[in-house]
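Chemist: Sequence:
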Amino acid sequence: MAGRTNNPGQTVSRRLLAVLDCFDVAHPALSLTEVARRSGLPVSTARRLITELRDWGGLERLGDGRYRIGIRLWTIGALAPQQRGLRAAALPYMHDLFQATQENIQLTVLDGTEALCIEKISSTRAVPTLTQIGGRLPLHATGVGKTILAFSGKELLADVAAAGLARMTPNTITQPGRLAAALAEVRATGVAYSYEEMTLGAVSVAAPILRLDGSVRAALGIVAHSRSAVDRLAPAVRTAALGIARSVG
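Going by this note's numbering, the first residue of the sequence shown is number 9, and it counts up by one from there.
Fair warning: there could be bad hints in the mix.
[What the hints assert, rightly or not] What follows is a list of derived Cβ distance ranges for each label pair:
#, residue 1, residue 2, range
1, I79, P243, 36 to 42 Å
2, P184, I79, 39 to 45 Å
3, S223, G85, 20 to 26 Å
4, H233, A96, 46 to 52 Å
5, D119, K162, 47 to 53 Å
These are calculated hints, taken from the structure and not from any lab test.
No residue lacks a Cβ here, since even glycine has one placed at the ideal position from N, Cα and C.
Using the sequences provided together with the hints, build the complete structure.
Modeler: Pasting the structure below:
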């Protein structure tokens, strides 16, 4: 019933999800061959599933023959209540921060053992970053990531440390003990910093958006040029995060 695939027991729905899972921020458009390779499906199966998804509106074909996520999936994703409400509450505060700093403003949530960027405001004057909406960031090397780690359970820190703290730059914290000490400071001060730990030339400051029970809902951060006095931005970020938390309820 599952057809001929590299995973004989896969259901049709699992194969459809495997096709969709091929697309991400780093791979927004893929050819049929690339989808087959990344999903582990035979080309004939990938072609049939792509056709079904395209007819439904989940994928669309570009002029060069590649495929990208279609408008119907975007419409469905926009219905997710948690992120929709959070983004709506955060955007006015993010715009205020952007107007005051002209730097990158990021809103992230936890996704597995990474920070997922769900909103970003930037300009050509801001320090260049690779982060896009829908992109993921390491928790141990970014301001928003450290914020989420600091206000999450110890199990998350253990999982992140067990997976290995990848060195992104010479300044990245790669020792679990040092990271734990840095997170304790984040809990004490309510803000987290990253000093060229993710990208050389960029520093960041972030604050948590907390629920009423004290658990972290999201993290709000500013990514600025390394020459910036990022500590002076901490009160503004913290105040904005508190305002978002009150607005979300």
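Chemist: Between D119 and K162, does the C-beta distance stay in 47 to 53 Å?
Modeler: Distance hint for D119, K162 is violated at roughly 19 Å.
Chemist: Between P184 and I79, is the Cβ distance one that fits in 39 to 45 Å?
Modeler: 44 Å, holds
Chemist: Is the distance from the Cβ of S223 to the Cβ of G85 consistent with 20 to 26 Å?
Modeler: For S223 and G85 the Cβ distance comes to about 24 Å; the hint holds.
Chemist: Confirm or reject the claim that H233 and A96 have a C-beta distance inside 46 to 52 Å.
Modeler: 29 Å, violated
Chemist: A range of 36 to 42 Å was offered for this pair. Does it hold for the Cβ distance of I79 and P243?
Modeler: Holds - the Cβ-Cβ distance for I79 and P243, about 41 Å, lies within 36 to 42 Å.
Checked against the numbered hints given earlier, the structure breaks hints 4, 5 and satisfies all the rest.
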